[in-house]
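Position chain B relative to chain A; hints supplied.
Residue numbers (numbering that gives the first Met the number 0), protein chains in the order written: chain A, 0 to 178; chain B, 0 to 181.
FYI, nobody ran anything at the bench for these hints, they're computed from the structure.
Think of the CB as a built atom: it goes at the ideal place given N, C-alpha and C, for glycine as much as any other residue.
Certain hints may be false.
Stated by the list, open to error - Okay, derived cross-link-like pairs now, PhoX-like style, lysine-lysine, Cα gap no bigger than 20 Å in a straight line:
no.	chain 1	residue 1	chain 2	residue 2
1	B	Lys124	A	Lys31
2	A	Lys77	A	Lys90
3	A	Lys65	A	Lys16
4	A	Lys31	A	Lys98
5	B	Lys24	A	Lys31
6	B	Lys100	A	Lys31
7	B	Lys34	A	Lys25
8	B	Lys124	B	Lys26
9	B	Lys99	A	Lys31
10	A	Lys159	A	Lys94
As the list claims (entries may be wrong) - Distance ranges between label pairs, derived from CB positions:
no.	chain 1	residue 1	chain 2	residue 2	range
11	A	Gln126	B	Lys37	44 to 50 Å
12	B	Lys37	A	Thr18	39 to 45 Å
13	A	Ile135	B	Glu16	52 to 58 Å
14	B	Lys107	A	Lys25	23 to 29 Å
15	A	Ser178	B	Lys107	30 to 36 Å
16	B	Phe57	A	Lys90	33 to 39 Å
17	A	Asp108	B	Ser115	42 to 48 Å
This is what each chain is made of:
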Amino acid sequence: MKAESEFTKKLISSFEKATEQKIISKGQFLIKEGEVEKHLYFVVSGAIRVFYLSEFEEQTIRFGYKGSFINSLSSFIKETPSEFYIQAIRKTTVKQISKDSLLKLVNEDADSLRQYIQLLEILVTQQIDREIDLLITSPYERLSRVLQRSPQLFQHIPLKYIASYLRMTPETLSRIRNS
Amino acid sequence: MQTTNNILIDELLHIVESTTVSAKKFKQLSDAQLKFKKSPESWSVLECIEHLNLYGDFYLPEIQKEILNAEKVPSASIVKSGAIGNYFANLMKVKDGKLKKMKSPADKNPATSELSVTTIDRFLKQQELLKQLLLQSRTVNLTKTKTSISLTRLIRLRLGDTLRFLVYHMERHIQQALAVHS
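Here chain B stands alone, though its shape is the one from the complex:
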């Protein structure tokens, strides 16, 4: 994938706006609705959101740290994907509104945590932080800046790809959460 900082950041900000709106709507559901599971293996709304919080716990401080040390560039700069980063980002992307079932890593499984409406509040705070980081990323070299990933320490991804992965992954699970009551 090749585009400019401006185009990529605008696309990602747009998704974050809409997931924020969905998350705010979830706050109006009752406790029982938030914890409702369609089947024993599937996730409740709160579990979908806690899963995203667990990713945010890893990625937001990591992205924050790398932005601080990153090279500044004009916002019209070209940003290029790496092969692996592009693969992961596209894997997460929702295609034609359909969700393919995937397995999550065990350490990101929300089923064991204590969940309440504060799970959503925490998500909304993470969304705010993510928005700030996206705005800062507009003038950062998204190709040369690298970030660690949660899956393995062996590779580091380009910041542009990490942001795409994180936001697409979020869009995916918010759609999953919306489907719980549709």
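Isolated chain A, as found in the complex:
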């Protein structure tokens, strides 16, 4: 989510004014499976990942770094227990606002509402891109699609988490990166 509309600017400035700031150290969690997501977070510094835990592995599904909005979205929308964990990859500072504050901002005027919908539309298309990513068999193509969307990914995120995001082993990822 990085579209610079009036609404995102307004959202960022309301985050800047937000007093609720959290500093989490590496390996700590913003939310765990089973808890209900009550906040939207804005990453001030550091890096975090959203993952799903199965019987056999942690499957990374999303990253956040400086400037990202992030949370356990379906839990936030439906107010049901989160299916995901959000964990700091390194020491991370986030600002948080509650669902109520967000909705207040969204419903302030017609423009805000329209731009909020635009933001959600971007998110929907991102999810579709991600769905296609996961259907592509070639590991090389999976990587290049992701790099096109987020060229700076390797600067922010350690390789082993990118490998998990791409559903490949870290060995495969370094091999195709070097070829």
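Structure of chain B alone, referenced to chain A:
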């Protein structure tokens, strides 16, 4: 060992119930308590549990696969142990609440992995899967169905023995984990 599917599965389900309860209690411990080691060589609570996860990673998909292809039988059917399977299962079984020290294979050593409270969550998910597999096993030929084992590719054990081995092994290490803070 000779018994019926029903009796064996009930016994194993009972153990899995109690290890699940213990694992849920571990979730209330602090990070420091979960990582505490009585001595440098002994395992922390999280290491005991990760050790079980590593076994689950191998055995659960293997058991799942074999159940799919297994012959269906009535749940009152007789199940018989094989000589080697019975030996391994009994080796793991906790006798009189005492744990004899054993050496684990190097590839199942948890000391090198990154552990957190998700280690316990993963274990609880594996327990759920194991429970489902035990319920399915009630009406499967536990004597004729064979599974691979993690130690060597040279032998395959009867499913009944593999289930006993896996569950007794789990009971053993959950007791070890409980002993860390007793």
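Verification of the supplied hints:
1. Between Lys124(B) and Lys31(A), the direct Cα distance comes to roughly 15 Å. Compliance with the 20 Å bound is thereby established for this hinted pair.
2. Distance check on the hinted pair: Lys77(A) and Lys90(A) sit about 29 Å apart at the alpha-carbon level, beyond 20 Å; violated.
3. For the proposed pair Lys65(A) and Lys16(A), the alpha carbon gap of about 17 Å is at most 20 Å, so the pair holds.
4. About 18 Å separates the Cα atoms of Lys31(A) and Lys98(A), which keeps this hinted pair within 20 Å; it holds.
5. Between the alpha carbons of Lys24(B) and Lys31(A) the distance comes to roughly 17 Å, so the proposed pair stays at or under 20 Å and holds.
6. With a CA separation close to 35 Å, the supplied pair Lys100(B) and Lys31(A) exceeds the 20 Å bound.
7. Straight-line distance between C-alpha atoms of Lys34(B) and Lys25(A) comes to about 16 Å, which keeps the hinted pair within the 20 Å bound.
8. Between Lys124(B) and Lys26(B) the CA atoms are separated by roughly 14 Å; this keeps the pair inside 20 Å, and the hint holds.
9. Between Lys99(B) and Lys31(A) the alpha-carbon distance is near 36 Å, which puts this suggested pair outside the 20 Å criterion.
10. A distance of roughly 27 Å separates the Cα atoms of Lys159(A) and Lys94(A); the hinted pair therefore is violated under the 20 Å criterion.
11. Distance hint check for Gln126(A) and Lys37(B): the Cβ-Cβ separation is about 48 Å, which falls inside the suggested range of 44 to 50 Å.
12. Distance hint check for Lys37(B) and Thr18(A): the Cβ-Cβ separation is about 44 Å, which falls inside the suggested range of 39 to 45 Å.
13. Evaluation of the 52 to 58 Å hint for Ile135(A) and Glu16(B) yields a failure: the beta carbon distance comes to about 43 Å.
14. Between Lys107(B) and Lys25(A) the Cβ separation comes to about 27 Å, which falls inside the hinted range of 23 to 29 Å.
15. Range check, Ser178(A) to Lys107(B): Cβ separation about 34 Å, and the 30 to 36 Å hint holds.
16. The given range of 33 to 39 Å is respected by Phe57(B) and Lys90(A), whose C-beta atoms sit roughly 35 Å from each other.
17. As the Cβ distance of Asp108(A) to Ser115(B) is approximately 44 Å, the hint placing it in 42 to 48 Å holds.
The structure fails to meet hints 2, 6, 9, 10, 13 from the earlier list, while all remaining hints are met.
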